[in-house]
Amino acid sequence: MNQPITLSETAARALENELAHLIVEVLHLENKPESLDPLAPLFGEGLGLDSIDALELALAISRRFGIELKSDDERNRQIFASLRALAGHIAAHRTK
Amino acid sequence: MTAPPFALLQRGPEAALFQTPEGQVVRAGAFLAAAARLAQRLPPGVAVLNLCEQRLGFALGFAAALLRGQLSMLSADRSPARLAALVVQAQGVVVLSENAPPALIHASIHVEPRVCEGARAVENPVIPPERVVARVFTSGSTGAPVPHEKTWGALTTRSAAACARFGLAADGPVSIVGTVPAQHMYGFETTLLLAFHAPVSVWCGPAFYPRDIAAALAAMPAPRMLVTTPLQLRALLDAAIALPPLAGIISATAPLPLALAERAEARWQTRVFEIFGATEAGSIASRAPSESDIWQAYPGLSFAAERAGAEDGSVLRVSGPFMAPVTLADAVEWLSPESFRLLGRRSDVVKLGGKRASLAGLTRILTAIEGVEDGIFIAPDDLDAASNARLIAFVVAPRRSADDILAALRREIDPLFLPRRVIRLQRLPRNEIGKLPQENLMRLAAENGEI
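As you go down the protein sequences, you meet chains V and B in turn.
Using the numbering used here, you'd call the opening residue of the first sequence number 1 and step up by one each time.
Using the numbering used here, you'd call the opening residue of the second sequence number 1 and step up by one each time.
Quick list of simulated restraints, FRET-style, between CB atoms:
id, chain 1, residue 1, chain 2, residue 2, range
1, B, GLU447, V, ARG64, 30 to 40 Å
2, V, ALA11, B, ASP382, 33 to 43 Å
3, V, ALA40, B, ARG120, 45 to 55 Å
Simulated from the structure, these hints should not be mistaken for lab results.
Since the model is a prediction, treat every value here as computed from it, not as a measurement.
Note that the Cβ used here is the ideal one computed from N, Cα and C, for glycine as well.
Isolated chain B (complex conformation):
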C-alpha cells in the first residue's frame, strides 16, 4: 500500500520506521496511533518547541504537532538562555520534553519515548505542502536566533531527492544509524524525515561514541548506512572497533578530508558520500569524495551566484519548490547548472561541530557584556581542519576578570563557540582608521600562545 503524495508518512502501516535500543521495531501504524494520542494532549497554540533528546520522542512530538497543524521549533543550540529566549519570542509556545523542563523554562509537556503495539489505527493525513511545519534556528549576525521556516513540501521533496541519490529504495528497507541530533537540520533530514518518507528504519538509541555506534549498527538488520560527521568517522576509525558490513556512510557538517573518506572505504569495504547543506537551505548537493570533488546538486533546486555585498567572492542563492529563496555564505565555482566546486566560506561565518555562527554576531555579544569596553572574536586559520581548534576572544575590560567574561559568554552562546580563554588587553590593535586588521590580531594571538 502506498500513501498519497504529501501524506504524513509515505509508508504502509506495517513499515518499520524506527528501532529502539530494547529491540522494538516501531511500525508506521503504531507510530501514528501514538502520535495521535500525544496530539490530543497538546494544548491549542501555533507552535511547539520540541526539546526531546531521544529520536523516538522527538519524532512523536514532531508528528503530533503535524497532526494538530502546529509548527515545530527546532533548536540545535541547547544553552538555557537561548531556549528561554525562544520561548519568550514565540508567545504561547508549548514545550515538549522527555525530561523535566530545562533551566529557565517553567513548564513542559512530558513525552514518553515509547510506542505501544496493537493500538487502534488512525488516519495518515495529507499535510498541505505549502504549510510551514518547522522553524529551525541559526545564530544570526546579531547573535539573536534567526528563524528559517520549512514547508512540508520542501521537506518531502528533499527526502525524495536523498532517497534517489543514495539508492535507499533499491534494496528494500535500509537501516540508518545516525550520530547527529534530530534538532540539527542534517540530523532532522536524515534520521527523522527519511524514516517518514523513504524505505528507511532509523536507530533510536544512543550513537555518539565509537562503541555506541558499533553496537547500534550490530543491532540493526542489513543493509546498514551510517549517517555521521567527519569527527565521529575519524574517532570510529581510530578506535579500531569491528563493525558489521556497511552499505554506505554519509558525512556532513564539516569538510570531509579525502584521506579519511578513503580510509573508511578501505577499512569497511563501503562507499562514502558527503552532503553539502546548511540550516537555511537543508541538504542541497552531494558527492562521493573518493570519486570526485565536484558537488552534484539535488534535483529540483535552482541556483544563482550572487555578489556578497562589499565582501569578496560570490555567494550561493538557492531556490526550489515550496521554499523561499535563501542565500548561503559559500563561494562556489559552477561547472554546469547542476554541478559545482566549493571555493570556501565567507570569512565572517565559522562552523564548529556542524553549527554556524557569525564572528560579528559573537563580537556583538562580547562587547555587550557589562564592563567590556572593546573586544573581538577571531577564528584561527586551522579552524576547519583541526577538530580541537576553537575561537579566540580579545577583550578590553579593565574592571572585569577573564573568568568573569567567560562566564558571561557561557550564558549567551553555544559552548562550541566559547573561546578556550579570554585574552585581556589594554587596547585592541586597531589601525589608523579604527579597523582591526586580521594580521595584527593573529600576531597578538600567537604572542599569547593561542596559535
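Chain V with its partners taken away, still in its complex shape:
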C-alpha cells in the first residue's frame, strides 16, 4: 500500500533536485543545489530572490518544462512559495 506513494515521492524529490540545480545555474547563486531547503521561501527571507530573478527563472522553467508562467498574483505567490511548491506546480503542468 505504501508502494505508489514511495514511488511518486521519489519522483517529486528528483524534480526538486533538478529544479534546485536549474535555479542555482540560472541565477548564478553561490549556494550548492543540495543545500537549498525545499520548504524555505524563494523570495524575501530564504533565498532572497527579486523580481528580475523571477523573470529569469520563469523563462528558464518555460524552456525546460514547457510551462508558461503568468503574473496572476495570488497563484504566483503560491507557486513561488518554495522549491517544493514550484516543483509541485511544474509536475502538474509540465508539457515536456
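Put chain B on the given structure of chain V with help from the hints.
Positioned in the frame of chain V, the structure of chain B alone reads:
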C-alpha cells in the same frame, strides 16, 4: 472637443484612457467621475502615498489627489521599512491601496480599481502648472529616500514632447502596453501621464512575464506600442511567443544592447526607441538605437555640463519649464545643443532593474548595522551588462553571522540591491592612507568566487 491647456485630462469625455483585463474601455468622462467620488473620500491633508498596484487604481488615486489639490507620493521601492519611513516623514499622509495596508502601516484608504459607466459628468479642471503634484523618491547618498518634486507643468510639457517624439498623435489613438510599474518615474510618464495627455489608451492588467505581455497586446486594438525594459524585451524574444503587429517598442531603465534592438526590429517588423531619463529629471532624451547612438534631447529642456566635484568627468545639469534644475550623475559628450553621447555613469551610482542607488549610501546602511565594525558595497564590472549580476558586500563583524547581516540589510534596502551573500572578513584591504582601492576589492571578490 479639446480641453484647455493644463486641464487634468487633455482628452475629450469619450476618449479611451485605459483598457481593463475584463475588456472594459475606460473613457475620460467616466474616469473623472470615479476619481471625483474617490476624492470625496480623501480626508483633508497635503499628501497621499499611492500604493495601488493596479494601473487603474493608481491612476484613480493620482487623479483624486489632483482634484483635491493634494500631492501624490510615489515610491518604486516597496520595502516595508522604506514605506513606513515615508509615512513617518510626511506627517498626516493618507495611504491609498487596493489591498490591506502593507506591514508597518496602520491604515489605508481602499481604492476600488473599477470605473462605472453612465455616472454624472464632472468638471475637468485646469491644474495650475506651477503646482507640485507628485513627489518621487530615489535612494540618496545617505540611504534615506530623497524626494524629487514634479510640477504639473513639467509633467504635461514632457508628455507633449514624448507624444511628438514617438508620433503618438499621427495615426489616431495608440494602445500602450507597459511592463513597468506606474510608481516608477518611467512607468509614471509612459503608462499614466500619456493616457491623461495624449491620444493613448493604456492596458491596465498584468504585463510582466512574456505570456502576459503577448496576451495584453492581443487584447488591445492596433496600433500598439510596447513600453518595456531591456530585460523584459530579451525575455520576450527568447520566449518565442507570437505577438500581434507592433507599431513600436520603447525601452528604458538600462542601456539597451544594439543587437537586442535589431533582433526585436527584425522579429516584429517594428521600430525600437530608447528613452534616457532619471527619477530626478524624468525622460529627457530619446534615440532609435538601430539608426544612431546619439541621443536627441526633448524640446524645451536646456542642458549644461558640470564638473562633478572631486570626481572625474562632467555631470549633466538639466533645466526646463516649471522645474527646478537637477544634476544627473551621467557624463556626456555634447554634439550640438540638443544632441549628445553618453559616456557612462559616475562610479558611485549603480542602476539595477531601473532603480538607482549610491554605493556610498548602501555602505553607510551596512556599517550602521549593530555589530558591523567595517564594511563596503561594491559593484562588479559587468553590473550593467549581465542581468543576473548583483552587488557584493564585504563586512568585518566578528560577532554576527553573514545571514544575520543579510537579514538586517533586507529590512533596510530594496531587494534588487541586496548582495547575493555577505562576505565576512577579518579586515578590509585598506591601503596605507585608509582608502579601499577598487582593485584590492575586486581581487578579494574574485578570491571569494563572487566574480
